[in-house]
Structure formats: C-alpha cells, structure tokens
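Participant: Sequence:
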Amino acid sequence: MVGIVLASHGELAGGVKQAAGMVFGEIEHVAIANLEPQEGPQDYRNKLDEAISSLGNPNQLLFLADLWGGTPFNQIKLASEGRTGWITVTGLSLPMFIEAYSNMSSLESAAELAAHIFSVGRQGVRISPEGLQPKHSARPRNVSAAAALGGTGKLPEIVWCRIDSRLLHGQVAMAWTKQVQPTRIMVVSDGVAHDELRKTLITEAAPPGTKANVVPVDKIIQICKDDRFAGQRLLLLFENPQDVLRVVSAGIQIPLVNIGSMAHSAGKTMLGSAVSVDRDDVAALEALRDKGCEFCIQKVPTDRDEGLWNLLAKTAIA
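For the sequence shown, position 108 (counting from the first letter as 1) is numbered 108 according to our numbering, and the numbering increases by one without interruption.
Everything labelled a hint here was simulated from the structure, so no lab data went into it.
Accuracy of the hints is not assured; some may be wrong.
Stated by the list, open to error - Okay, derived cross-link-like pairs now, DSSO-like style, lysine-lysine, Cα gap no bigger than 27 angstroms in a straight line:
| id | residue 1 | residue 2 |
| --- | --- | --- |
| 1 | LYS219 | LYS199 |
| 2 | LYS154 | LYS178 |
| 3 | LYS199 | LYS211 |
Said to hold, decoys possible - Here are the simulated distance ranges between beta carbons:
| id | residue 1 | residue 2 | range |
| --- | --- | --- | --- |
| 4 | MET22 | GLY131 | 26 to 32 angstroms |
| 5 | MET22 | GLN222 | 47 to 53 angstroms |
| 6 | LEU55 | ALA115 | 18 to 24 angstroms |
| 7 | GLU196 | ASP278 | 46 to 52 angstroms |
| 8 | PRO255 | GLU50 | 45 to 51 angstroms |
| 9 | PRO255 | GLY21 | 29 to 35 angstroms |
| 10 | ALA266 | GLN222 | 32 to 38 angstroms |
| 11 | GLY15 | ALA283 | 23 to 29 angstroms |
| 12 | ASN57 | GLY25 | 50 to 56 angstroms |
Where a beta carbon is used, it is the ideal one built from N, C-alpha and C, also for glycine.
Just need the whole structure built from these sequences, with the hints factored in.
Facilitator: This is how it looks when you write it as structure tokens:
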C-alpha cells in the first residue's frame, strides 16, 4: 500500500487530516509533518524523517505538500533523492487528500496516485456564485447515455438508500459515493424541494463527476418506475423513515436502509451518537421491516453496524 505524508507550514497538514477523519473515521497509513514558526530546515527534516519512519519507510510514498519551493517541499525533495517511488504533489487541500486516501489501497504506486489526484485538486477550487467561474475550469458534469429518453424496458437501480437528517454532506459526498459509485445522488424531501436556498446548497455539495438532484417524495416514486432513467445508479437520501416508507409502500423495492443520522429534538430518544427516534419513527421503521427492509446504522462505510433493533430493545420507546 502507498503511504501518505502531509507536509505544510503551520497546522495545515494536521488540520487536513483531522477534517478528513470526520469523513472517514480513523485515518491510517498517513503521517503529518508541520513546520512551526520557530523551526529551521534541519528541525523540519528531523520531523519529516520521523513521519516517514512511522510509516515504515515504504517503497511507495506520496507526499502532499502545501507550497512548491517552501521548506517542507525542499526537505521532502532532499529526503526523496534516489527514491523513485517517492512522489510529491503540492497544493495540499482537503479535497485532494480525501481523493488520495480513498484510492491509496487500490492504486499500486505513488506515481499512479499522484496522477489520479492531480485533476481532483484543481476541481476542488470553485467559485460561488458559479457565474464568476471561468468556463474552462467549470465543474465536470456527469454525462450518461442512461438519461436518454425513449424507454428501454428497464428501470433505474437504487444502489444505496440512506436516512440522514443532514442529507448531502461530506460523509455522503465522499465516503459513501466512493463506496457505492452512483451516477446520481437524489435528495428526497418535500420540504427541501420547495426551498430554493437549501436546494442550491445541496446540489453544490455534490462531488466532482456526480450530479445531485432534489426531488419531492412523489417525484422519486415516478422516477423509480420510469424506464427512461434505465441505467442510472441512484443514491437516495431521506431525512426520515416516514418518507422511505411512502416510497416502499408505493411499490419501490429498497431491501437495505442505511441510517447515518437522525437529529435529536424534543420528545426523541437517543439510540446512539447520531441517531434519535420517537414513536412515529419507530412505527415507520417497524413498518419498513414488515415490508422486508433491513437496516444498518453506519455513519461511514468503515464503521461497524450498531444494530438498530438491539439499540431499540435497550430503550423504553420500542
């Protein structure tokens, strides 16, 4: 496996790793080397050597540094002399690191990983309002022949269904999208579908190359029954189990429902660190179970399923 060292002036490298931990959970096979204001080149070289040693001095090592020509970059260059498998990419950012970490186990060399993340690092730089963004650097759009009209006799595939009161955010946009590879993220909410500001914020949060749409519950039922959307791989995001039940009751098959978060509010009981339910929620979950749905409580793919029914059995609400 390729190892990764994050190198920067100040606390940037550590901050990027910490922020990525909110998406992936525990970060492994990654070391950091921050250059503090009072440290000189040799001080930093010692720190860099320690970071490399903590990874076992791997043959394949990717350095993500902040500035070309800065002290971290220069010391990395010196440390890398004679090591053909040690590659450096500058312009360290959270999107760049997330993409690198997502692919570090599947790509065999640091050079392959560096080439893969190069364009993603650029795509992470965007302007809001988007009208100010130069056309040549516009965000790539997902183009799929499956969107063509005419009917094919097949239906779109639901590759993942998630209940998440935050809807589309980092854990979904990066971790789950990488895991299930949808062609479209469909946020299913009557309220958000009629709120232009929330709709805009959600669609702008889609990861590069994957389009996000916000639709009301009745619309997603129509889409899932429409063969004009054949070939589409849909990741469905719901705010609550009641809306999932409406869709399943309309004849749409959803064999597994992932519960990421259900926000706490008055009258709700905490089941875990991010899931709260009331009697209406439990009734909807039980109705979904009776219709053949199974559940997993996971914030990110690497989390262990907390077990919905085991958690409910420990409360007085079930």
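Participant: Indicate, hint by hint, whether the structure satisfies it.
Facilitator: Each hint tested on the structure:
no. : hint                                 : result
1   : LYS219 to LYS199                     : 15 angstroms, holds
2   : LYS154 to LYS178                     : 25 angstroms, holds
3   : LYS199 to LYS211                     : 13 angstroms, holds
4   : MET22 to GLY131: 26 to 32 angstroms  : 30 angstroms, holds
5   : MET22 to GLN222: 47 to 53 angstroms  : 35 angstroms, violated
6   : LEU55 to ALA115: 18 to 24 angstroms  : 21 angstroms, holds
7   : GLU196 to ASP278: 46 to 52 angstroms : 29 angstroms, violated
8   : PRO255 to GLU50: 45 to 51 angstroms  : 48 angstroms, holds
9   : PRO255 to GLY21: 29 to 35 angstroms  : 31 angstroms, holds
10  : ALA266 to GLN222: 32 to 38 angstroms : 35 angstroms, holds
11  : GLY15 to ALA283: 23 to 29 angstroms  : 43 angstroms, violated
12  : ASN57 to GLY25: 50 to 56 angstroms   : 26 angstroms, violated
Hints 5, 7, 11 and 12 from the earlier list are contradicted by this structure; the remaining hints agree with it.
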